[in-house]
Amino acid sequence: MNILKINMSLAISVNAVSKTFQDENGTTTQALRDITLSIKSGEFFVILGPSGSGKSTLLRIISELETPDHGSITWHGMSAEDCAFVFQQFALLPWLTVFDNVGIGLLSMNISKTEQKKRITKQLRTLGLRKFAKHYPHELSGGMKQRVGFARALVVSPKVLFLDEPFSELDTFTAETLRRELITLWQKERFTVVMVTHNVDEAIEFADRVTVLTARPGTVEALLPITLERPRSMRSKGVFDLHDHITKLVAP
Amino acid sequence: MRHVKLYRNRWHLIVTIAFVALPFIFFLIFSRVANLSFPELMSNLALSSIRLFIAYLFAAFIGWTCAVLFYRGKLATLALPFFDVLQSFPTFAALPIAVTLWGPSETTIILFLVLTIIWPIFFSIVSNLSILRRDWREAASVYHLHGWNHFRYFLWPASRPGLITGSIIGLGEGWEALIATEIIVQAPKGLGAFFVSVNNNAIVTSFGILGFLLLIFSINKLVWLPLLHWSHEHLED
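Same order as they appear, the protein sequences are chains A and B.
The opening residue of the first sequence carries number 1 in the numbering used here; numbering runs sequentially from there.
The opening residue of the second sequence carries number 1001 in the numbering used here; numbering runs sequentially from there.
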């Protein structure tokens, strides 16, 4: 799939966003300073940065889980209601079964119980979770938990999918399989994705565009389009060059 | 959601029935030996249990509501110290005022029980809710769990372990306060009246307390411990 095929209309604008946190002792830390970005409809947008660059905070501000101290977020032709979120540590509700966890996003939608069940069952099948429908989160491995996390997000057919380091808690093989499945699903559905990661390989594998944040306070260091054809071979010369370039940008 | 398993096999069922029957068999033998009327003993026990049960329902409802309203946010910084001062207030110090207002009535007894039971429930739920993971709350928010759905799928299951722990502690204190209050306000019926009537016979009093302990032990073993185990089982990710 080529980047040129992407619908280039704007999805979300981040306008001069800043955020400062204060701890219990009154010490303030600026997490983000004056971030301005535009995310296009249907693109895979990656926010890359070292630890403490405020990338997760930025994602939480964009998804309206947190409010910025300065600046604003503008949604174009959609709202935060149309988004779904996949959390780094899965954030499955431990008192609900896999089936109920996947369905929580459908509860607020105006659809019948039968339709809800149909959509949940379909999503469970897509992500290979059918056998686990009646299990509780504590009975699943990390990889399965994150599959539930993805199923819960995708079942609501989101226009925007926010991913907060979704593979960082998984082992290499599980992460690789899930990455492949995600890229296939995204190429099929073409929802907008905003993903946070500290993994340069992951950014290169997925992104249409990558923004690199500096360490605390997070500011935009660079914004790079990645026009390599998909599927991207992680052993090609183009990828190696890009990897070196981005690594230099990320390194403090 | 899974149901609470009261018994696992036939042997467990027999033990369960024994736990239910034991206090009553004890009371039956006890009443015969001590020359007391068994129906009267049971009616005293039933009346006291009903008082405690009504008070518990009020305390659980008010305690739970206050806990979910005030456990976090700006309200918590003001409300929690306020509630902490309130709970340290000795309940019995207010007894003369209540007796003046309502006399030695059911209202006075139940009010006192509510004031005793509510604090363990309130603080257990507050402590339970304040350690919930932030991303669970965020997931509930991102996936628009509001109103009834928020109560049913988030707040209620998340606060259940605190409610159950608080209920066990609260009811333990409640039994004690119940008998003391019944004796102080000189309620004509109830366990307080029973203990007053036999207080010059140390053996009967001791065996009465023993039977009472057996009953509380059975209730804990049969109801509260399985509930506690069940609610905690589903609070681990």
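Take the hints with a grain of salt, since some may be wrong.
With a straight-line cut-off of 35 Å between C-alpha atoms, the simulated DSBU-like cross-links for lysine-lysine are [stated by the list, open to error]:
no.: 1; chain 1: A; residue 1: Lys159; chain 2: A; residue 2: Lys118
no.: 2; chain 1: A; residue 1: Lys117; chain 2: A; residue 2: Lys188
no.: 3; chain 1: B; residue 1: Lys1074; chain 2: A; residue 2: Lys159
no.: 4; chain 1: A; residue 1: Lys134; chain 2: B; residue 2: Lys1074
If you're looking for bench data, these hints aren't it; they were derived computationally from the structure.
This structure is a prediction, so every number in the text was calculated from the model and none was measured.
Restraint status (C-alpha distance of B:Lys1074 to A:Lys159 at most 35 Å): With Cα atoms ~34 Å apart, B:Lys1074 and A:Lys159 stay inside 35 Å; holds.
Proposed proximity, A:Lys118 with A:Lys159 (alpha carbon, max 35 Å): Holds - the C-alpha atoms of A:Lys118 and A:Lys159 are around 20 Å apart, at most 35 Å.
Given hint A:Lys188 paired with A:Lys117 - CA-CA distance at most 35 Å: Since the Cα atoms of A:Lys117 and A:Lys188 sit roughly 23 Å apart, the hinted pair holds (cutoff 35 Å).
A:Lys134 paired with B:Lys1074 [C-alpha distance capped at 35 Å]: Distance ~38 Å between A:Lys134 and B:Lys1074 Cα, so the pair is violated.
Comparing the model with each earlier hint shows a violation of hint 4 alone; every other hint is respected.
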